[in-house]
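K.L.:
Sequence:
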Amino acid sequence: MGFSFVESELVEAIREGWWVLLDNVNSAPPEVLERLNSLTEDNPMLSLYEKSSGEILTQKNGIHSNFRLFTTANLKRVHSNKLSSAFLNRVIKIWLPAMDSNISVSNSMKSNDLYELLCAQLADIPAGQQLAELLLIIHIKVKQAVQEGKLIYPTDYQVTYRQLDQCIRTMLYHMNNHINPVSACYWSILRSYASLLSDNEHYYYFMKIFQSSMDELKLDSIQIYSPSKRIDTQQPQWKQDANKIQVAFVEIERCLAELIFSLIECISNIKNRS
649 MGFSFVESEL VEAIREGWWV LLDNVNSAPP EVLERLNSLT EDNPMLSLYE
699 KSSGEILTQK NGIHSNFRLF TTANLKRVHS NKLSSAFLNR VIKIWLPAMD
749 SNISVSNSMK SNDLYELLCA QLADIPAGQQ LAELLLIIHI KVKQAVQEGK
799 LIYPTDYQVT YRQLDQCIRT MLYHMNNHIN PVSACYWSIL RSYASLLSDN
849 EHYYYFMKIF QSSMDELKLD SIQIYSPSKR IDTQQPQWKQ DANKIQVAFV
899 EIERCLAELI FSLIECISNI KNRS
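Quick note on our numbering: the sequence shown kicks off at 649 and runs consecutively.
Think of the hints as simulated: they come from the structure by calculation, not from any bench.
No more than 20 Å apart at the CA atoms, straight line, and that leaves these computed lysine to any residue pairs for SDA-like:
1) K699 to E679
2) K724 to P802
3) K791 to M747
4) K699 to F651
5) K730 to E679
6) K758 to D813
7) K758 to D772
8) K699 to I711
9) K791 to L762
10) K758 to D863
11) K866 to P774
12) K856 to S843
13) K856 to S846
14) K866 to Q777
15) K758 to A768
16) K724 to W743
17) K741 to L669
18) K798 to Y852
19) K724 to A746
20) K791 to Y801
21) K724 to T803
22) K708 to E689
23) K741 to T720
24) K708 to N685
Taking the hints into account, I'd like the entire structure generated from these sequences.
P.N.:
Here is the structure:
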């Protein structure tokens, strides 16, 4: 039994002419970025000194003409490395605004690309558009509350599109584990936006935002639970019994949805009553 040298996916991409995207490249160790400098020169090359025989890839030997290298970097990212001037001078820099910038709660919100992206991610679930609108409204209001100092997160923590993306991923994960959309949405929002709040006062304020957002959309008046099926008396008895059980569980789900909305409303009103 012996070992053989296996080239990395990056080297394979260089040879095959693939397009490579390195996300958050400034989080990589500086010595890794230094290795990339030679690839971004007018006459690109890469020395593979990891191989026992050694090899130098060039445009004439190993580097495919269709190979392209793209990188992204968040220069304000905490604990990331500063990109060297040598690397920055070798790349074409394109700055893009944040996906959730310059967006407000208004009628034109639905024409925003971010809303369309959320709707596409939630297209296969009941009331996906309404839940996408709820998530976006809460995200906008939370960002505004942070800017006004009404919500305080830990130092260096920023509310960005990543929280929204995390919320969607968490929600879809729970739904894949047979959690109904209402509960999945509720817990995903709490996990993504409320878990890091500094104290109870800010938590209550967040719940107030949550409840007001649902009131604006009148979510407690729409059906976002599973549709029940009519029982076909022509089916075998065992299947009729199974359908009856399904209808019963849908009714339970309906009650749980109403209970969740009631709990949110009660929590948001606790601060005002005290």
